[in-house]
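Engineer: One line per chain: the protein sequences are A and B, in this order.
Here full-length UniProt numbering is used: the first residue of the first sequence is 1, the next is one more, and so on.
Here full-length UniProt numbering is used: the first residue of the second sequence is 1, the next is one more, and so on.
Here are the simulated distance ranges between beta carbons:
| # | chain 1 | residue 1 | chain 2 | residue 2 | range |
| --- | --- | --- | --- | --- | --- |
| 1 | A | PHE294 | B | PRO110 | 53 to 63 Å |
| 2 | A | VAL312 | B | HIS383 | 36 to 46 Å |
| 3 | B | ARG123 | A | PRO316 | 47 to 57 Å |
| 4 | B | ALA449 | A | THR189 | 29 to 39 Å |
| 5 | B | LEU95 | A | VAL312 | 33 to 43 Å |
| 6 | A | SER264 | B | ASN219 | 32 to 42 Å |
Straight-line alpha carbon distances no greater than 25 Å define the calculated BS3-like cross-link-like pairs of lysine-lysine that follow:
| # | chain 1 | residue 1 | chain 2 | residue 2 |
| --- | --- | --- | --- | --- |
| 7 | B | LYS344 | B | LYS310 |
| 8 | B | LYS397 | A | LYS70 |
| 9 | B | LYS82 | B | LYS191 |
| 10 | B | LYS450 | B | LYS386 |
| 11 | B | LYS397 | B | LYS344 |
| 12 | B | LYS397 | A | LYS317 |
| 13 | B | LYS271 | B | LYS310 |
| 14 | A | LYS5 | B | LYS397 |
| 15 | A | LYS317 | A | LYS70 |
| 16 | B | LYS82 | B | LYS164 |
| 17 | B | LYS450 | B | LYS284 |
| 18 | B | LYS344 | A | LYS70 |
If you're looking for bench data, these hints aren't it; they were derived computationally from the structure.
Here a beta-carbon is modelled for each residue, glycine too, at the ideal position from N, C-alpha and C.
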Amino acid sequence: MDSAKRLGRRLLPQFIALALILMLIWMVFPAFFSLAIQNGRLYGSLIDVLNRGAPVALLAVGMTVVIATKGIDLSVGAVMAICGAVAAASSVRGDPLVLTLVLAIGTGLLCGLWNGFLVSVLNIQPIIATLVLMVAGRGIAQLVTEGAILTFNDPGLIFIGSGAFAALPMPVIIWFVFGIAVAVLVRRTALSLLIESIGINRRASTLSGIRTPVLLMAAYMLSGLCAALAGLIVTADIRGADANNAGLWLELDAILAVVVGGTSLLGGRFSIIASLVGAMIIQAVNTGILLSGFPPEFNLIIKAAIIVIILVIQSPKIETAMTFFTARTKGVDKAEQQTR
Amino acid sequence: MQNSPNNILVASGVVKTFPGAIALNAVDFSLRRGEVHALLGENGAGKSTLIKCMTGAYRKDSGGLALDGVEIDPRDTLDAQKLGIGTVYQEVNLLGNLSVAENIFLGRQPRRFGLIQTAEMNRRASALLDQYGIHINVASALESYSVAIQQVVAIARAVDLSGKVLILDEPTASLDAQEVEMLFRIVRGLKEKGLGIVFITHFLEQVYDLSDRITVLRNGRLVGTRDTVSLPRRELVTMMLGHELLAVEKEPRQTGSEAGPVRFRFSNYGKAGSIKPFDLEVRKGEVVGIAGLLGSGRTETAELLFGIEKADSGTAEIAGVPANLSSPRAAIANRFGFCPEDRKTDGIIGDLSVRENIALALQARQGWARPLSQAEQVALADHYIKALDIRTSDREKPIRLLSGGNQQKAILARWLATNPEFLILDEPTRGIDVGAHAEIIRLIEDLCAKGLSLVVISSELEELVAYSSRILVLRDRAHVAELNGAEITTDNIVNAIAASSVNKGAA
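In isolation and in its complexed conformation, chain B is listed as follows (with noise of 0.2 Å):
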């Protein structure tokens, strides 16, 4: 099959290394003339990374990548281009300002005497937008047009320079129903004229809707390439969350769902654009997981919940007590603790000390004018470093220095230092290895032990399965479903996502 004719683009066992991660490891892929291919995975999956290295934007370090039969060893991405391959990126990176002509033709305008032919590029502009059938006035600002019409123009430009493979790379995050479709029959067009086309998207529905195989990577592994027709649902999820998952039973808890009375009660809490209504009830000593697929809603919830994003509907009660969350600092008052998913950005303060990094949420809530003395701070992150197994040579080490697991534990420490009521980790296992990994869940398990409520959001379903109490599944920014007790498998997690999926579909 690799070597079938029809194949236009073929990578074999492409291995990408970055220092301290394989960011793919021996991936096949191929694409077929006329076809639309998507390829799927949660983050860090090894999506971008196998793009990047089909396009010239990253060299890989071994494997083979072939064009209609012939080795290819694209240098960068206009190598990749004059070659036959073109990218169109989530983001469009056209430039706004100029017009939608010199956009299409940049940098090989049509000239004569050195002197660029306005009207005849925009001739030719007006003719190749006319064969997508958008009739736009091609002189005005690209700026001036919507996102879906930006992206039309993007991948005008793409096939008119390229014109062999064409990639996609989450072209419908932002466009509205009706854009999408737009943008699926100029898709589909394209495919009838054979081009090969990859498409990056979390929306399943638009997977079946569009696509024609589906190649699934997880952890920089090829987990299969399956055709589309022949891939129920609830497989694919599958296949992106875990091919190895094992149906986890639940051992019962002692702080199961019956434990305390709630502790925290979240009525209909929501906001408009980011996260639709949900009710939460968090009760002490217990862990709340939450699932779902990437852009779900996981994070928005998150955020929320802490104080991030302004809630604009719903209350929030602690204790029976309605609380103030309306901002992290409001929050942190509460007694409320926030890991974040992204810890580079969101998280550690990288050029300050690990000391530092783990003295500075109980600073901020003490105030500026009542330090905590060298003694006192050293105190504190000696405590931590040991207590977290926090592996640094020295506490006044940079923590930017340290491994991925430990900036995650030094954080953890800087929230457990204040002593805190109510955690929400986002993501806490991920980019980490595994024997971090494992510490981390017997912390959560030893913090839930202690009477701390958490509230815990993660894409490793045997994870949450492991420590959750109850769990909720997220989809499309809505709370969709609730396991409780022995419900508590991956499978009914599996089943969840998937379900309501179809439901969608079918509405």
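So here's chain A without its partners, still in its complex pose (with noise of 0.2 Å):
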């Protein structure tokens, strides 16, 4: 009931947020609510937004945690790529499709464990660390595609990214089921006092007797993971790899994702729910922008736009100014007792 209570009010700002930007699209685009349903399944505005941003959500799920220990993980795009390219060629091979699932998200893992392995033994900063598979990724996944654009038709492997389960489009349950499923793994156990024990203080949590690098290695394994399925969605969806296009630039949203979800890049204090929240709230402001009609050119500055405006809210500076107004008396005392 208590921490229901305070994970309410963890949340509230970033509900607040998704709350305005689908009233806002709700007024350029009167037809965003509507929902019907055809051949067993949900259509809709709506149900698009929470399909197209699947990858971005679970990316968001595996960047909080890397980002909780103070880390980064910009190899996430390429990783999706590479779990891609190693789908489509295993489905290509004629592979059965659990095969083909074991051996991508196996690649996302291994990809996780890598990054793991320079930041967490060879000491090397995470946002170098990540960039070298960043960069080397998208090579990688040429290699296993051939510079192809790998195409497949496995009905299994395409169901993933453009099936149905109780109306819901599969990459819909997919985020939905591993982003609670992880976060109540996380909550439940003793992981999320240890992942912000080392975010915060990583030399004392060692000295505390927290198995530091066997963590930070977990923290980009989960990483890799969420890459894997992220990929594997995005591959299936479109019926082939492209080495060059997908996963592009994803890791910047789901790191975005994080911070409006309000988990902080200084590692520590960390919500996988309020970056799954953020997560939503940057595919509706992509999806709102193209249902409004705006010329395409417009979107990214729009939408950057928002983002800063959903940023500054949150600032710790604009939290104090707003208490100065709501509790005028209370401020004053406050500052009196400073300059004392």
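Could you fit the two chains together into a complex? Lean on the hints.
Structural biologist: Laid out in structure tokens, this is it:
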């Protein structure tokens, strides 16, 4: 009860931002909230937001944990491309679906292991360590696809990208179930405490007996796993592996989702649920701009402006200023104490 | 004496306060022309604060500062430099990737038509360094030379820029004996030229080797300024460690050295380059104190015992069985605990709550899959907040908002929650107000009575004498003496520190 209340308070700014953006879209595009069922499947712009937002939502799950350890993972977009390529190549070879999935997910975990090794064992700064795979990853993906766009038509693999279950598109189900599962796992075990502790003070955490290298490695492997799932979805959706464009720039959207979700890039306290809401905010902005019929040239600028506004509203300075206005007398007391 | 025409820099009644602490309390300091003046004191004594007030890095709150009899108030280090006060810091703050000549003339390169005249600059840099007896290729990158040469370049730059007062902040910390000799030769040369030189170091030999006068600070106050030749080493150590040292006598404890069998035995334990091999035996219910000046290997000893650094010689045994202490985690598995000297960087997890900080070590030992429930954590935190009297408005308050003493108690609670058998406390009372100070000492005695084995490192000698059943004295990264029973007095500790220092000087 108490913790539910705390979670609610933590997520309030993100939900307000999401609601405002949905309202804004609804004003320029009144049909936004309308849903229809065809062939036992839900259709509508809202479902579209949930569906299109799947890759970033999945990446944001892993990114949140990595950022909580005071790290960052720039390689997730490239890892998506590698895993997509591995899945497509496997499918083209005629492997059974299970093997294809195992190969793709195993590749993601391996990429995460590499990043984690660089960061936790060799002590390389995360931004540089993951930059290696960000740059090299697309090359690796091209080697796997041999420079071509590998197309496949295994209905099982395609189902992951465009199938539906219980009237909802598969990608929505995957990110939702996976995101909640990871959030629950982290909160119900001591992982959240240990991860936050590492992010705030790595040396003191090690001195307290925390297995810092193992946990760091696990965080980057989770990020790799998330990238593998996102890569599978993107690849399955277009029924082919595009080494050059799959997941391009999505690492930046994932970082943005985490930041919009209110997790500090300095590490420490984190919330996976908030990052998922952040991912939906970003996707709602993307979809909204398309629906509103603005000339596409403006899209990126409008998106940037909206993000800046969201971040400014969340900034600690603004928060302090707001309390100054809402509780003026209290604020004055504090200021007086400081000058004394 | 304050107004003697021979004085080049005079600071009088300098006061500097930081939020919650008085760093300098009415400190007087005078520097004569052509003298080397050593500024001494333990960590936190106020040496660097005084230096920073003189070089403009800090603005003093009150007090006067006069250079050549003229009142000055440097706004920043650049201002001080222009006035004639140059500083060389322990870590050379020059640019390693630029050439030696560029470093010396950085920001004031000789120019013609706005273009730098590299040849002219190199010629002048060579000439300048020749005066110091250093003949090197000034066009090479600074980082291609040894730290000693870099120090000399830094000194050359500072003297060339300023030329009246030179402040050397631990210039010899990372130099070998030969390099120190070269540096001293240069410093003596500058002294001949009439510069006033302030010299900060932790090496007492070097103080006696080089300095003409000594000023000692302690806890932000001036202890005294003396002529080096008339100040015996022993008295200097007493000045540094506490001028009101009472000859505290040891009251016999029932947990004396003959109490139980040895539980923790480290034999020939050491690590090359960190601390020379030492023997240490700790019985159940015994406090072993470790005394020594800063840099004598106190913290290195603690880090070795707790597995932060791996020993490369010797063995560790617990109750006669060889123990693996290769990492903090391995040490914790053997029921060790360690309260570090630097609470902020090594101890607290600042943004986590007091509750989480207390539960952390126990949780880490249990592993991630077996979380302590919220209720268990709350019970644990409440128990220790009460038992150790940790003053906090709320157990959910981030620990960084607590005072130093309460942070220290919370870290102690973190280890007590793991039910340890061997606790290492590194400077448990540093930076703690007087009230909390007494409480921590009482806690140490309680823990000892409960049968824990403790190793306590402290520069507060009275404190060590009060609770230790044995005291090891360290000097120059080696264990040099052990005091037992009735031998444990502050006098004997000071003697042991100073005596070994004399021996070394003679050798």
